[in-house]
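Based on these hints, arrange chain B on the given structure of chain A.
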Amino acid sequence: MEKDKVPQDDENLLEGKTRELQYAVDEDGKYVAVKSVGWEPKNIVLQQEWELINEKVQHAKSLVEKDKYSPLYYHMKKGLMSSWVLAKYAEISWFKVIRHLKPKGYSKLNDDQIRKYKYAFNMKDSDDLSKMD
Amino acid sequence: MRIEFNHKMSAHCENGVISNLLEFHGIKLSEAMVFGIGSGIYFSHLTMFKLNGLPVTSFRPWPGAIFRRAAKALDLSIKRRKFRNKEKAMNALDANLEKGIPTGMAVGVFHLTYFPAPYRFHFNAHNIVCVGKENGHYIISDPTMEDFEMLSYDDLKRVRYAQGLQAPKGKMYYITNVGNIDINKAIIKGIKRTVLEMIKLPGPIIGTRGMRFLARRIKKYPLKYDARKAARHLGQIVRMQEEIGTGGAGFRFLYAAFLQEAGERLNLPELSEQSKKMTAVGDMWREFAVQAGRIVKNRNDKESFDTISQLLLNIADEEEKIYKDLDRIVKGIRK
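Top line first, the protein sequences correspond to chains A and B.
Read left to right, the first sequence gives residues 510 to 642 (the numbering used here).
Read left to right, the second sequence gives residues 234 to 568 (the numbering used here).
Errors might be hidden in some of the hints.
List of simulated lysine-lysine pairs, DSSO-like, C-alpha gap at most 27 Å [said to hold, decoys possible]:
1. A/LYS633 - B/LYS390
2. A/LYS625 - B/LYS453
3. A/LYS613 - A/LYS577
4. A/LYS570 - B/LYS462
5. A/LYS539 - A/LYS587
6. B/LYS510 - A/LYS539
7. B/LYS241 - A/LYS514
8. A/LYS605 - B/LYS462
9. B/LYS433 - B/LYS509
10. A/LYS539 - B/LYS241
11. B/LYS402 - B/LYS261
12. B/LYS390 - A/LYS586
13. A/LYS597 - B/LYS321
14. A/LYS514 - B/LYS509
15. A/LYS526 - B/LYS390
16. B/LYS305 - B/LYS422
17. B/LYS457 - A/LYS565
What the hints contain is simulated information worked out from the structure, not anything from laboratory work.
None of these values were measured; they are calculated from a predicted model.
One chain only, chain A, in its complex shape (with noise of 0.2 Å):
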């Protein structure tokens, strides 16, 4: 890859916070850092994936709102985690979990499992597990 043909395909994908060093050849031949703001089919392939995770964030919304999970399915999915990454995260036991991402568990959560459980979502003490935004 040539220095000037190094990509600069701006999607906000890097919201301005960084951007990424590519390694590319000058004029004589020597390699030399660029930096680049991205690339379009990076950005496609990024996108890609966002498109599919938000697809299933809305529907474990649409699964909680019919009473068939707990939101702590919905805050689970969106956090991308699967059952044991929560499990680890919240310092509950696995089998539990389980238990608490249906709507019965749910509702037998004590006080401070509930605090667990917003440590891992990265909520306030004072926001609502139940809701859904």
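This is chain B only, laid out in the frame that chain A set:
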């Protein structure tokens, strides 16, 4: 306090951290050199490991491998610590900073507050260096960021105890002693290991054989899966190839940069010649990403899968030639 630390951006976090830490200890070694010495170039298509339900195609060795190998080849003494207790982990970091030791850490990306949101997945093998603490905020040198970043105590604790695959468990590491560095020897060792991994290991899934294996599988995607799933499989490959911190083209350009620098240092024009070939391969990988991107966007037909599979076979042929030449070159060097 704040330690005098030169923050350099890098294409890959692991190399960047080593390169930056080495510079702190008075050794100038570029990112590409660290990458080559640690044999960072790699390929494997792991059908048995699934990420988001799709097989993993890896362009890098297992996280931490580059670090381990480079440290060994460069005769560095590195102290590594893990902690079961989160507070103890943070206290140990504070104590280190107090002593003026810049400390590397393995962290998860998902809760890293300064990271761009679309890139925040549960990837737990990111490397950062902490270089100071001001007003309860830690100063972080993250090689994928352009400048120093700040993290609060709670945020840092959270990312150090990220969960999931390869949970870092508060892992931190720092260089305690720098021994006798023989860079030339390390370079040759690194190249030898790369050759071994890419063309000499048995089995169908690693190295250039792995590329051919993947090419054959890509051909079958449109027959096996519906249009959407097939596109997802391709998208996964490109994501692994072009993910943040690869320098593009699955590290091929980074390796070409290493070969160029190594050729100059060892005074071996043949290595620089291979660097040019590797650049050409990198451009082919980019072409692969372009075609895959098109397929993902338009949910393309069977022919385009055939073309892209053929392209991958060509890449495998070209790369194999390079590794064979490298093998010949390093064998010809008298010690």
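How the hints compare with the structure:
1. Pair hint A/LYS633 plus B/LYS390 holds up; C-alpha atoms about 16 Å apart against a cutoff of 27 Å.
2. Taken as a hint, the A/LYS625 and B/LYS453 pair is broken in the structure, with Cα atoms around 46 Å apart against an allowance of 27 Å.
3. Restraint check for A/LYS613 and A/LYS577: satisfied, since their Cα atoms lie roughly 10 Å apart, inside the 27 Å limit.
4. Distance hint between A/LYS570 and B/LYS462 is fulfilled; the C-alpha atoms sit about 23 Å from each other, no more than 27 Å.
5. The suggested pairing of A/LYS539 with A/LYS587 is violated, with an alpha-carbon distance near 45 Å, which exceeds 27 Å.
6. In summary, the hint linking B/LYS510 to A/LYS539 is supported, as the alpha carbons are separated by about 13 Å, within the 27 Å threshold.
7. Restraint check for B/LYS241 and A/LYS514: satisfied, since their Cα atoms lie roughly 23 Å apart, inside the 27 Å limit.
8. The suggested pairing of A/LYS605 with B/LYS462 is violated, with an alpha-carbon distance near 33 Å, which exceeds 27 Å.
9. Pair hint B/LYS433 plus B/LYS509 holds up; C-alpha atoms about 23 Å apart against a cutoff of 27 Å.
10. A C-alpha spacing of about 20 Å is found between A/LYS539 and B/LYS241, which places the hinted pair at or below 27 Å, so the restraint holds.
11. With a CA separation close to 31 Å, the supplied pair B/LYS402 and B/LYS261 exceeds the 27 Å bound.
12. Annotation: proposed proximity of B/LYS390 to A/LYS586 holds, straight-line Cα distance about 23 Å (limit 27 Å).
13. Pair hint A/LYS597 plus B/LYS321 holds up; C-alpha atoms about 19 Å apart against a cutoff of 27 Å.
14. At roughly 16 Å between alpha-carbon atoms, A/LYS514 and B/LYS509 fall within 27 Å of each other, so this suggested pair holds.
15. In summary, the hint linking A/LYS526 to B/LYS390 is supported, as the alpha carbons are separated by about 22 Å, within the 27 Å threshold.
16. About 11 Å separates the Cα atoms of B/LYS305 and B/LYS422, which keeps this hinted pair within 27 Å; it holds.
17. Restraint check for B/LYS457 and A/LYS565: satisfied, since their Cα atoms lie roughly 23 Å apart, inside the 27 Å limit.
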